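Engineer: Listed here are the chains, written in short residue letters.
2 protein chains.
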Amino acid sequence: MDRIVIIGLGLIGGSLGMALKAAGIKNTELVGVDLERDAVGAAKKKGAVDVTVRLASEAVRGAQLIIVATPILAMPEVFKEIAPHLPEGCIVTDTGSTKQQVLRWAEELLPSNVSFIGGHPMAGKEVPGIGGASASLFQRATYCITPSASASRVAVEVVVGLATTVGATPYFVAADEHDMLVAGISHLPLLMSSALVTMITQNPSWDELSKLASSGFHDVSRLASSDINLSRGITLTNQAGMLHWLDSYLEVLRDYRRALAENAEALLEKLSSARDARDQWLLHLSEPQRDRLFQDLPTAGEQMMEMFMGGRLAQLLRQQEDTLKEIESKHPRR
Amino acid sequence: MDRIVIIGLGLIGGSLGMALKAAGIKNTELVGVDLERDAVGAAKKKGAVDVTVRLASEAVRGAQLIIVATPILAMPEVFKEIAPHLPEGCIVTDTGSTKQQVLRWAEELLPSNVSFIGGHPMAGKEVPGIGGASASLFQRATYCITPSASASRVAVEVVVGLATTVGATPYFVAADEHDMLVAGISHLPLLMSSALVTMITQNPSWDELSKLASSGFHDVSRLASSDINLSRGITLTNQAGMLHWLDSYLEVLRDYRRALAENAEALLEKLSSARDARDQWLLHLSEPQRDRLFQDLPTAGEQMMEMFMGGRLAQLLRQQEDTLKEIESKHPRR
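As they're listed, the protein sequences go chains A and B.
Residue numbers for the first sequence follow the working numbering, beginning at 421 and rising by one.
Residue numbers for the second sequence follow the working numbering, beginning at 421 and rising by one.
In case anyone wonders, no lab produced these hints; they're calculated from the structure.
Check before you lean on any hint, since a few could be wrong.
Since the list gives no way to pick out one identical chain from another, each pair is judged satisfied if it fits inside one copy or across any two copies.
[Unchecked claim] When the alpha-carbon atoms are kept at most 25 Å apart in a straight line, the in silico BS3-like pairs for lysine-lysine are as follows:
| no. | residue 1 | residue 2 |
| --- | --- | --- |
| 1 | 466 | 750 |
| 2 | 690 | 631 |
| 3 | 545 | 690 |
| 4 | 466 | 446 |
| 5 | 465 | 750 |
Bear in mind the structure is a predicted one, so any value in this text is a computation, not a measurement.
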């Protein structure tokens with residue numbers, strides 16, 4: 421019997437549990453931990469975990485895979501708490517929205533005999549917490565994977581297996597590149613959306629404006645409703661990336677402004693190009709992304725779930741340990 | 421038998437026809453006109469109109485209500501074309517996204533013996549054209565109504581009846597105020613969304629960025645896929661309003677930037693306030709808006725459809741004419 425522990429039963433942690441269950445993983449006990457009693461109760465009710473344990477330090481005993489799905493800023497505390505209790509050779513992964521700082525914390529706080537693999541499933545929802553959790557949240561989503569320098573190959577493959585099992589497409593990316601990319605595609609849109617809401621709702625005409633708000637405003641403002649814990653996490657761990665893209669965005673907006681003021685046709689060309697570019701993107705999306713991306717990965721995807729998520733984690737990690745011992749016995753350290 | 425003519429069978433015109441049909445209006449012939457054969461065919465197939473007529477000038481003969489739902493910039497041509505053929509006392513309304521310029525065109529180009537009422541249903545969709553049309557597009561949407569100075573009371577009530585019949589909430593607003601409000605709540609979001617797409621898709625890392633794009637980017641960029649005819653119409657008729665709000669938005673973004681660079685907690689306060697404000701707005705939306713807004717209207721809503729959209733248009737307009745004649749006979753012009 422394998423043991424997978426999910427620490428933090430929010431939207432992501434809860435959905436991971438539900439997706440693993442829905443995929444029918446066998447011979448594996450899913451253990452959930454959360455500080456909030458309500459979340460624990462809801463996770464059980466939703467069938468996101470098999471059992472819940474009050475303390476993370478207890479939960480991780482005998483575990484092969486530990487998924488830390490708390491808010492980013494809670495991670496150093498969680499790492500400290502579980503560090504003394506982690507089984508040798510186990511795999512720790514996270515689901516935080518930024519990766520450089522998390523990898524630094526992992527290196528600093530986790531023992532060197534465990535493998536840390538940074539993870540970030542690119543999926544979200546307006547409804548935060550376990551309430552919004554669903555087994556399908558990660559279907560076709562990109563799942564960023566940033567192994568630490570010391571992570572074993574088996575550990576990488578296990579987290580790849582986790583990603584594919586929940587329906588996502590694994591994507592290897594270095595931590596610094598990850599943080600710069602998400603700052604543009606995800607964190608800047610959050611700022612844009614919130615700034616719009618700040619501007620519109622603080623305008624003296626907000627009462628009248630709100631009457632004219634339709635699906636356009638609703639969609640563009642959606643990210644302003646993001647979980648504030650998430651916003652705090654990314655703001656405090658990805659400031660440089662966000663500043664970079666905000667400056668770039670300000671430049672484009674000023675360029676739009678110039679065109680609007682001086683040359684309507686030039687603005688229309690910009691709008692038209694943006695429309696074409698987005699259409700191209702949508703067209704692209706309709707292809708099964710998985711096939712396209714999967715060729716970069718260490719092993720073929722189909723057998724992943726059976727190999728790494730079907731009660732064989734313990735066996736795999738033992739094999740790895742045996743290999744390491746064998747190597748060590750042949751090349752003893754001096 | 422009343423005759424309602426819809427000129428321009430796109431998303432809005434088509435949806436208006438379908439919504440009128442779905443509401444079960446009786447003793448009324450719905451006549452459709454469009455320059456595009458495909459749109460005419462699709463509108464018939466979707467049941468958006470009873471009959472189609474090739475020329476707008478022919479279609480308006482004997483009509484009580486003419487709805488001009490073409491792109492804004494086509495409106496002056498349509499007005500010129502129908503002007504010599506409009507029955508005395510008929511009602512002309514439009515569905516354009518801006519109102520000042522449309523009212524100027526109406527005053528300049530339509531005969532003084534018809535009533536022009538500007539209209540703007542606040543509803544849209546990513547899929548433009550008749551393909552995206554649906555009977556439910558206007559459900560609970562705000563329907564802006566800006567009567568011309570010379571419009572009769574009956575004409576205003578008929579357009580209010582049109583709005584409520586298709587499921588929308590009528591909202592009276594002066595043309596200049598309308599244009600300033602929509603520039604903020606609708607046209608600025610279009611610019612924001614397009615500028616984001618311009619920036620992201622022209623970045624050298626677009627290939628990598630696109631792999632990380634999730635629902636957040638999808639939503640915030642949605643308006644960039646707006647119909648380019650719509651963008652052209654608003655850009656060329658609402659430049660001042662758009663510049664005003666773009667400047668205001670740039671200021672808020674610079675304010676966000678300062679906070680991000682200097683004081684993360686201040687930024688988090690802004691994000692938190694924006695979140696609260698949007699939550700309040702969503703909470704508000706869940707109330708039936710109609711009840712809240714309807715009290716401003718000239719008559720109660722429930723009987724509107726029967727009164728104004730059930731084969732009684734001709735009768736109403738005749739009554740109005742009789743009243744006018746009576747008044748005139750009592751107070752003869754000198």
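Engineer: May I ask which of the numbered hints given earlier this structure violates, with the numbers listed in increasing order?
Structural biologist: Violated hints: 1 and 5; rest satisfied.
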